[in-house]
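Chemist: We have chain A; now place chain B onto it with these hints.
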Amino acid sequence: MFWKYGLFFSILSGGIWGIFWQIFFTVVGILTFGTPLSLDLSQIMIIGPLAGIMYIKNQKFLSIKFHLTAIIIITFLIFISHLGNPYQAEDENQLIIFILILLTSFFIWVSLNHSLYNLSPGKLSKHDIESFFIKFMWGIGLIILILITLIPFYIMIMTSLKNQQSLILNPLDLSVNLNTDFKILFNSYIELFTNFNFHLFLINSFIVSCTTVIITLFFSIPGAYALARLRIPNKKIFSGTVILIYLIPSIVLIIPLYAIFSYIGLRNSLFGLILVYPATTIPVALYMLRGYFSALSSEIDDAALMDGLSRIQIILKIAIPLSKPAIVSVGLYVFMIAWNEFLIAFMFLDDPNIFTLSRGIMSLNSSEIPQQHLMAGAVIATIPVMIIFLYLEKFLISGLSAGGVKG
Amino acid sequence: MTNIKKKNKNTLLEKEKKLGLILLLPTILIVLSVVIFPLLANFWISFKPVSLGDLRPPTLIVKEHIKGKLSDKNHLAEIKYRYRNSSIKYDLENVIIKDIIPNGLTVKDLQPAQFCKLKLKELTCNLDNVSSRSSGKILIKVHKNDQWQKELDNPKKTKPLVTFSSKNVLTSFEFNTENFKKVFSASEFFEVLKVSFYYTIFGTAGALLVGLLAAQILQKSFRGRSLVRGLLLFPYVSPVIAVAFAWVILFDPFSGIINSMLVQMNVIDQPINFFGQKYTDIIIFGYVFKFPLALSMVIAFEIWRYFPLSFLFILARMQSFPEEVYDAAKIDGASPFQQFIYISLPFLIGIMSILFLLRFIWTFNKFDDIFLLTGGNAGTRTFTVNVYEQAFAISNLGAGAAVAVVIFIFLLTFSLLFMRYSNKETF
Chain A
493 MFWKYGLFFS ILSGGIWGIF WQIFFTVVGI LTFGTPLSLD LSQIMIIGPL
543 AGIMYIKNQK FLSIKFHLTA IIIITFLIFI SHLGNPYQAE DENQLIIFIL
593 ILLTSFFIWV SLNHSLYNLS PGKLSKHDIE SFFIKFMWGI GLIILILITL
643 IPFYIMIMTS LKNQQSLILN PLDLSVNLNT DFKILFNSYI ELFTNFNFHL
693 FLINSFIVSC TTVIITLFFS IPGAYALARL RIPNKKIFSG TVILIYLIPS
743 IVLIIPLYAI FSYIGLRNSL FGLILVYPAT TIPVALYMLR GYFSALSSEI
793 DDAALMDGLS RIQIILKIAI PLSKPAIVSV GLYVFMIAWN EFLIAFMFLD
843 DPNIFTLSRG IMSLNSSEIP QQHLMAGAVI ATIPVMIIFL YLEKFLISGL
893 SAGGVKG
Chain B
3 MTNIKKKNKN TLLEKEKKLG LILLLPTILI VLSVVIFPLL ANFWISFKPV
53 SLGDLRPPTL IVKEHIKGKL SDKNHLAEIK YRYRNSSIKY DLENVIIKDI
103 IPNGLTVKDL QPAQFCKLKL KELTCNLDNV SSRSSGKILI KVHKNDQWQK
153 ELDNPKKTKP LVTFSSKNVL TSFEFNTENF KKVFSASEFF EVLKVSFYYT
203 IFGTAGALLV GLLAAQILQK SFRGRSLVRG LLLFPYVSPV IAVAFAWVIL
253 FDPFSGIINS MLVQMNVIDQ PINFFGQKYT DIIIFGYVFK FPLALSMVIA
303 FEIWRYFPLS FLFILARMQS FPEEVYDAAK IDGASPFQQF IYISLPFLIG
353 IMSILFLLRF IWTFNKFDDI FLLTGGNAGT RTFTVNVYEQ AFAISNLGAG
403 AAVAVVIFIF LLTFSLLFMR YSNKETF
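If you read the protein sequences in the order shown, they are chains A and B.
Counting in my numbering, the first sequence runs from 493 upward without gaps.
Counting in my numbering, the second sequence runs from 3 upward without gaps.
No lab work stands behind these hints: they were computed from the structure.
Backbone N, C-alpha and C define an ideal beta-carbon position, used for all residues, glycine too.
All clues given are correct.
Partner residues aside, some chain B positions facing chain A, computed with beta carbon under 10 Å:
| # | residue |
| --- | --- |
| 1 | Gly22 |
| 2 | Val37 |
| 3 | Val230 |
Below, a list of computed lysine-lysine pairs in the DSBU-like style, where the Cα atoms sit at most 35 Å apart:
| # | chain 1 | residue 1 | chain 2 | residue 2 |
| --- | --- | --- | --- | --- |
| 4 | A | Lys627 | B | Lys222 |
| 5 | B | Lys17 | A | Lys727 |
| 6 | B | Lys222 | A | Lys615 |
| 7 | A | Lys618 | A | Lys557 |
Rough simulated footprint, nothing fancy, chain A against chain B, three-plus residues with beta-carbon under 8 Å:
| # | segment |
| --- | --- |
| 8 | 232-239 |
| 9 | 332-341 |
Isolated chain A, as found in the complex (with noise of 0.2 Å):
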């Protein structure tokens, strides 16, 4: 059967990665420009094959010459197929397409000799074909998934920095001028800085959930230690009902705390939103820190009991020293639920001198409101969260995975 040889594998492989990377480059290449390029997928369904076969057939000769001399053919190859002017473009933009399609070919060549190498051309058996199979979707499904997860990032990030005319002109053109003024390119950040007191909403943000964070670990670690170690009658129940109302979501209790807090005139306050959400990630840090604290071997308590020391000694000299990373963590996890927090704070704010990230960045979905703000806005939300994430990943990582299904 002619599906079982290598050589269709390679011809299979080279058409899929040909079409991958022109499809991407075209859009790479509409972003860049601003200008129409038209995607034609007939000349490349010949030519990614075709380097296919070129790639099988010399696999014992592969060397650096070999490889450059591969990519300048199938460069050329597409400049031909298409005489000369493969996107459609315009005239002046020549140079900016040929190194589109250089970087087609070069990407097509990797990925070719990543899926294609010691494949031999004959005969395959069928564990050599699985075995190329999943290399094959392994290298597709990295790429498509990294580009999934970032290209709303990068949208967000694009469109904060162009102006409302270029972005109503041509929706596409997200290329950035770098020779741009600072002050025209971060204009939408400089205008909710000085406009639409974003300084405030950033100083809120950090304030409630700073307090969120103390508030919770000051009430969850002695919590939590008390249901790992003292022998309390009901624990299981206990233990039981934090799980039962970590799971509560607060979509369920946003009309009676509307309804309350409204009537005691704490709603429209900071001070009530520090109310409301240490008792929405309480639940979440005791569940998590019980299992730290229980992890912990008890003879170093029960030695420390021995010696004298009390059990709120043994919380503040043992307990909390050993397990520094695991409440670091939870500290961490708890800042980014406070942090993102929406729709307590959409419903409890209404003046803008105390609004959070979350809330501000919601008065800016208005039609009135350029977009490109309401993307600033979600930039500066994400930036935090983003910074602390990136130093810290390792435990935000435990964090996440020790009680992160909340969420």
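Modeler: Below, chain B alone, put in the same frame as chain A:
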């Protein structure tokens, strides 16, 4: 001897019990006041005809005016109180207005005389009943006497004191099941039910599958793996409001990149309103399918945002797996697919079913995402969005609370199922 030991042990146990409860007390208190009490209050409200306007309790607004400026030449003035019931729905009962007339003034005339009395300098008006929306006034003619001093004897110096009692729907003991009747009888109930389950099942399963795929891809070690692992968590750790609006702008029918791109590449003729169109026709082999577009987009967002979570859990689980088993399988001639199906999958099925149940609960409870993407329009109204819609868009708090009760009952059922099936593994 043994008795003393036993006694000691018991007191130690008592002490521990006491300390444990003290340590847990702050948590219990805050959870009781901000979670349990509101939860009960929600049940309470769901049986009452409460609207958003009822949150502002009816009051009597009283304003005091003085006509005529008292001076050395002018001896006469008129004090006027205008009062008004702020509520358009509820009457005020036992209304009493009290005020002090300054020493330097003598009252000549009091209107309406049947309600108001003057006892020394204290004015007491017993208005009894002020019905909703109604208003009235009290007129007092005064002239200055010998003790009058310009600075001291301004009648406005003392504020009128108002006492009254009113009926309050929120605290009264009147209940009915109107809200539930409304929620269940509405034709949209089944639509909402269908959409909720559609969203929850596909969103959860999709996120789990993509998470499994991502974990498979990232299990293989390659250069930059930890960086990619970090990148893949971005959707989950970013604020929902930021990413939701990024999606809205990305798919915007007028200025969105996806639409302009598809139009320019001649894939579609006209821009598609991804988040605003309930159905789109898809033709497969001549059959016209009604594809729920907006709902699918919302589900896609849900998958995009929450696959990192399943991915993280599954990857952690996979990395705890002994490598030797795969080596043994390879020696036995198992193909990669067989390894996946017969070794990895059975090993992962436990964590995946727990993840599915937990994520199912969370997705069912999800509000922010749909609210921000579509506002619950175009066939994407789930129960959670319906709570907001009823309570705050239509201003019927009672009906919203009734929907919240329905959600809570579902939640309770799911949680009990979850606790039963997850056994001891997670606790």
